[in-house]
Amino acid sequence: MSLFDHQLIAVTGKGGVGRTTAACSIALAAAAQGKRVCIAELAGLARVPEVFGLPGRSYAPQRCAPGVDTMSLSALDCLDDFGRKRLKIQALVRLVFHNRLTAAFLDAIPGLQDMQQLGKIRHLIEEYEGDEPPYDLIVLDAPATGHGLTLLDSARSLGEMTRVGPFYEETQHIVRLLSDPDRTAIVVVTLGEELPVNESLELISSLGEDRAQLAAIVANQVRSQPLPDAPPWPKLRDALAASDQTDLVSLADAAQSTWTSQERALARLRTTIGLPIARLPRLPVVDAESLLILAEAAEQLEEP
Amino acid sequence: MTRVIVCCGVGGVGKTTTSAALAVRLAKTGHRAVVLTIDPARRLADALGVELGNEPRAVAIDAPGTLHALMLDRKATWDGIIHRFAPSAEAAQRLFDNRYYKAVSTRLGGSHEFMAMEKLYELVESERWDVVVVDTPPTQHALDFFRAPDRVHRVFDRSVIGILVEPGKGLFNAATRKVVGVLHRMAGERVIGDISEFFRLMSGLSTGFRKRSRAVADLLSSDRSHYWLVTSASAPARADAVAFLAELEERELTLQGFLVNRVIPDPGELAAERPADIGEAEWTEWGPAFDALIHARRSEAARHRAGLAQLAQSSTHASVHPLPDLGSGIADLSGLERLAEHLPDV
Numbered sequence: 229m230s231l232f233d234h235q236l237i238a239v240t241g242k243g244g245v246g247r248t249t250a251a252c253s254i255a256l257a258a259a260a261q262g263k264r265v266c267i268a269e270l271a272g273l274a275r276v277p278e279v280f281g282l283p284g285r286s287y288a289p290q291r292c293a294p295g296v297d298t299m300s301l302s303a304l305d306c307l308d309d310f311g312r313k314r315l316k317i318q319a320l321v322r323l324v325f326h327n328r329l330t331a332a333f334l335d336a337i338p339g340l341q342d343m344q345q346l347g348k349i350r351h352l353i354e355e356y357e358g359d360e361p362p363y364d365l366i367v368l369d370a371p372a373t374g375h376g377l378t379l380l381d382s383a384r385s386l387g388e389m390t391r392v393g394p395f396y397e398e399t400q401h402i403v404r405l406l407s408d409p410d411r412t413a414i415v416v417v418t419l420g421e422e423l424p425v426n427e428s429l430e431l432i433s434s435l436g437e438d439r440a441q442l443a444a445i446v447a448n449q450v451r452s453q454p455l456p457d458a459p460p461w462p463k464l465r466d467a468l469a470a471s472d473q474t475d476l477v478s479l480a481d482a483a484q485s486t487w488t489s490q491e492r493a494l495a496r497l498r499t500t501i502g503l504p505i506a507r508l509p510r511l512p513v514v515d516a517e518s519l520l521i522l523a524e525a526a527e528q529l530e531e532p
Numbered sequence: 204m205t206r207v208i209v210c211c212g213v214g215g216v217g218k219t220t221t222s223a224a225l226a227v228r229l230a231k232t233g234h235r236a237v238v239l240t241i242d243p244a245r246r247l248a249d250a251l252g253v254e255l256g257n258e259p260r261a262v263a264i265d266a267p268g269t270l271h272a273l274m275l276d277r278k279a280t281w282d283g284i285i286h287r288f289a290p291s292a293e294a295a296q297r298l299f300d301n302r303y304y305k306a307v308s309t310r311l312g313g314s315h316e317f318m319a320m321e322k323l324y325e326l327v328e329s330e331r332w333d334v335v336v337v338d339t340p341p342t343q344h345a346l347d348f349f350r351a352p353d354r355v356h357r358v359f360d361r362s363v364i365g366i367l368v369e370p371g372k373g374l375f376n377a378a379t380r381k382v383v384g385v386l387h388r389m390a391g392e393r394v395i396g397d398i399s400e401f402f403r404l405m406s407g408l409s410t411g412f413r414k415r416s417r418a419v420a421d422l423l424s425s426d427r428s429h430y431w432l433v434t435s436a437s438a439p440a441r442a443d444a445v446a447f448l449a450e451l452e453e454r455e456l457t458l459q460g461f462l463v464n465r466v467i468p469d470p471g472e473l474a475a476e477r478p479a480d481i482g483e484a485e486w487t488e489w490g491p492a493f494d495a496l497i498h499a500r501r502s503e504a505a506r507h508r509a510g511l512a513q514l515a516q517s518s519t520h521a522s523v524h525p526l527p528d529l530g531s532g533i534a535d536l537s538g539l540e541r542l543a544e545h546l547p548d549v
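Sequence order for the protein chains is A and B.
To convert, take the position in the first sequence, counting from 1, and add 228; that gives my numbering.
To convert, take the position in the second sequence, counting from 1, and add 203; that gives my numbering.
Calculated from the structure, these hints are not laboratory results.
Backbone N, C-alpha and C define an ideal beta-carbon position, used for all residues, glycine too.
Mixed in with the good hints there might be a few duds.
[Unchecked claim] Cross-link-like lysine to aspartate or glutamate pairs, in silico, EDC-like; alpha carbons within 16 Å at most:
no.	chain 1	residue 1	chain 2	residue 2
1	B	278	B	249
2	B	305	A	388
3	A	263	A	360
4	A	263	A	517
5	A	263	A	297
6	A	463	B	488
7	A	463	B	485
8	B	305	A	381
9	B	305	B	325
10	A	463	B	480
11	A	463	B	483
12	B	305	B	258
13	A	313	A	381
14	B	231	B	540
15	B	305	B	397
16	A	263	A	233
17	B	278	B	265
[To be verified] Label pairs and their calculated CB-CB ranges:
no.	chain 1	residue 1	chain 2	residue 2	range
18	A	409	B	505	41 to 51 Å
19	A	283	B	505	23 to 33 Å
20	A	502	B	365	52 to 62 Å
21	B	501	A	530	52 to 62 Å
22	B	547	A	520	24 to 34 Å
Between the sequences and the hints, there should be enough to build the whole structure, so can you do that?
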């Protein structure tokens, strides 16, 4: 099935690989196929509004491009929503959820904040108000720490810990959605360099049983081949060195070797994982305009 | 007296590598240095060529000083604390078996940072080192590192959590009882029971616990602790760095300087000329490729130069240290040694 036919794409990767850029590109590419898309990010990490030149983050959806909204999920807002659905009495919601006890509770139970945020996403997909879901596709900008897909892990372990009650039931719904490869796709973002590729391989192996949802890999900031193939570079290199252009030689050598190790690293990733890699070109700035170029590249993902 | 060098910054800017290179430089200049990495990715181990654990391991280095490295193991550090402060082995074991403790010690938000501080305290207290270099966890906000312990303390603050788990023990108004009732129903009684047992078991431990974290907080705000911000010359990384600086200042911490990774030098007047023994036809393909290369390099260098100037303007006292791009990532000790040569003395 096409990547864009999923209901949720979790875009993940280590810090500094341009996860947000990749998430935005994927969202724009899906919107170009006619999908109604929302980019969800976790508050505190909110970069999406900045990329699109919006003034700031908001829990209420903001339009950032044709067919694309963005929302920043904060745990307290999400808990509020959850409470409203469960308690149905507005006064009680205010009493319970705007309370320092509740804030302490959120802090104290590991995984509870993650669960609230994922719960909100699940509600957009499964328990929407009205006749049809507000979006065809949610693209989640999902940070990865050392423990792989932390969010899914924490839903599972919260479920382990609670075993009964509304929180438990919610975690079970979340786990069902996130572990269904027909509804949820994981996209891992990487860079074309040795260490980031190692980290991506580490991340992918930590997915364990969730490997089934891994649908694609996106390489960000990909450099194009700096020098033409013919005539062979060593011959020209000697000629340049002989004519005293050593600075040019070292510049070209460096560019060539950066490119070669990029190709080697990406080839290694491709062979190890067995999935095609979508390449997003390296651009001097990432903004609403240049994202369109990246989105075009992300359309390669449509047919994996 | 052991000094502390705190390397801050968001993820993905080479913070771990730079921290390790700083420790290498300290060893090279005759110090007994140890680097504490918290980044769960095993990058540092790759570069240092040792198996890193929760206790310092010696790195074989040709230097007048010494170099040790360790990688924080959050769970092991938690368990160590429980062993140290529990009144009996039996009490410790009951905590280890508690489901809530298991969750807290492996995944409580902020507990990574909290344990990093605990580990830092251990290293400083041992008096085995001249300098401890701390590679902080990658967070978007500088203050997360300092706030995390507050957060963990709030969790251990019986005045709040105590109400949640044992509402019968105090005189609370009807509204509070109502809130507690709803939270209990939502979370389920099993969780509440586990938490309540956890706090009963912890109550004997919390004094020692609190004293230590106050000592670390004092150390981190004293002049024995120096802060460096690791960043890169790209625009988003710089924006993060400037925001970070503001947050440090808000906490009244002085930033020593910016360590800016992967700065591209200007190629100067460089221009490509056709060598005599290359034919014009061949050159038609290569000439433009070289021109494009030089042009791309020149504009990248100009962006980086402007970026460095902007960083310099962002602070009256913090110095700016551009570090060269050493190619496709640093993968071994000699790479760290080369980077160390470009670092300032800290």
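For the pair supplied as a hint, residue 263 of chain A and residue 517 of chain A, confirm whether the alpha-carbon distance does not exceed 16 Å.
Violated - the C-alpha atoms of residue 517 of chain A and residue 263 of chain A are around 20 Å apart, more than 16 Å.
Tell me if the straight-line CA distance from residue 263 of chain A to residue 233 of chain A falls inside 16 Å.
Since the Cα atoms of residue 263 of chain A and residue 233 of chain A sit roughly 9 Å apart, the hinted pair holds (cutoff 16 Å).
For the pair supplied as a hint, residue 278 of chain B and residue 249 of chain B, is the alpha-carbon distance within the 16 Å limit? Measuring from Cα to Cα gives roughly 22 Å; hence the hint is violated.
**Message:** Given the hinted pair residue 313 of chain A and residue 381 of chain A, is their Cα-Cα distance within 16 Å?
**Reply:** 24 Å, violated
**Prompt:** Given the hinted pair residue 463 of chain A and residue 485 of chain B, is their alpha-carbon gap at most 16 Å?
**Reply:** 11 Å, holds
request  = Given the hint that residue 278 of chain B pairs with residue 265 of chain B, test it: the Cα-Cα distance must not exceed 16 Å.
outcome  = Violated. Residue 278 of chain B to residue 265 of chain B sits at ~33 Å, over the 16 Å cutoff.
query: Quick one: are residue 501 of chain B and residue 530 of chain A within 52 to 62 Å, going by C-beta?
result: Between residue 501 of chain B and residue 530 of chain A, where Cβ atoms are some 37 Å apart, the hint is violated.
Item to complete: Verify the proposed pairing of residue 305 of chain B with residue 258 of chain B, using a straight-line Cα cut of 16 Å.
Response: Violated - the C-alpha atoms of residue 258 of chain B and residue 305 of chain B are around 22 Å apart, more than 16 Å.
Verdict for residue 547 of chain B, residue 520 of chain A (Cβ pair) under range 24 to 34 Å: Violated: the Cβ-Cβ distance is about 42 Å, outside 24 to 34 Å.
Given the proposed pairing of residue 305 of chain B with residue 381 of chain A, does the C-alpha separation stay at or below 16 Å? 14 Å, holds
Within 16 Å, alpha carbon to alpha carbon, are residue 231 of chain B and residue 540 of chain B? 9 Å, holds
*Below or equal to 16 Å on CA atoms is what counts here, so check residue 263 of chain A against residue 360 of chain A.*
14 Å, holds
Consistency with the previously given hints fails for numbers 1, 4, 9, 12, 13, 17, 21 and 22, ordered from lowest to highest.
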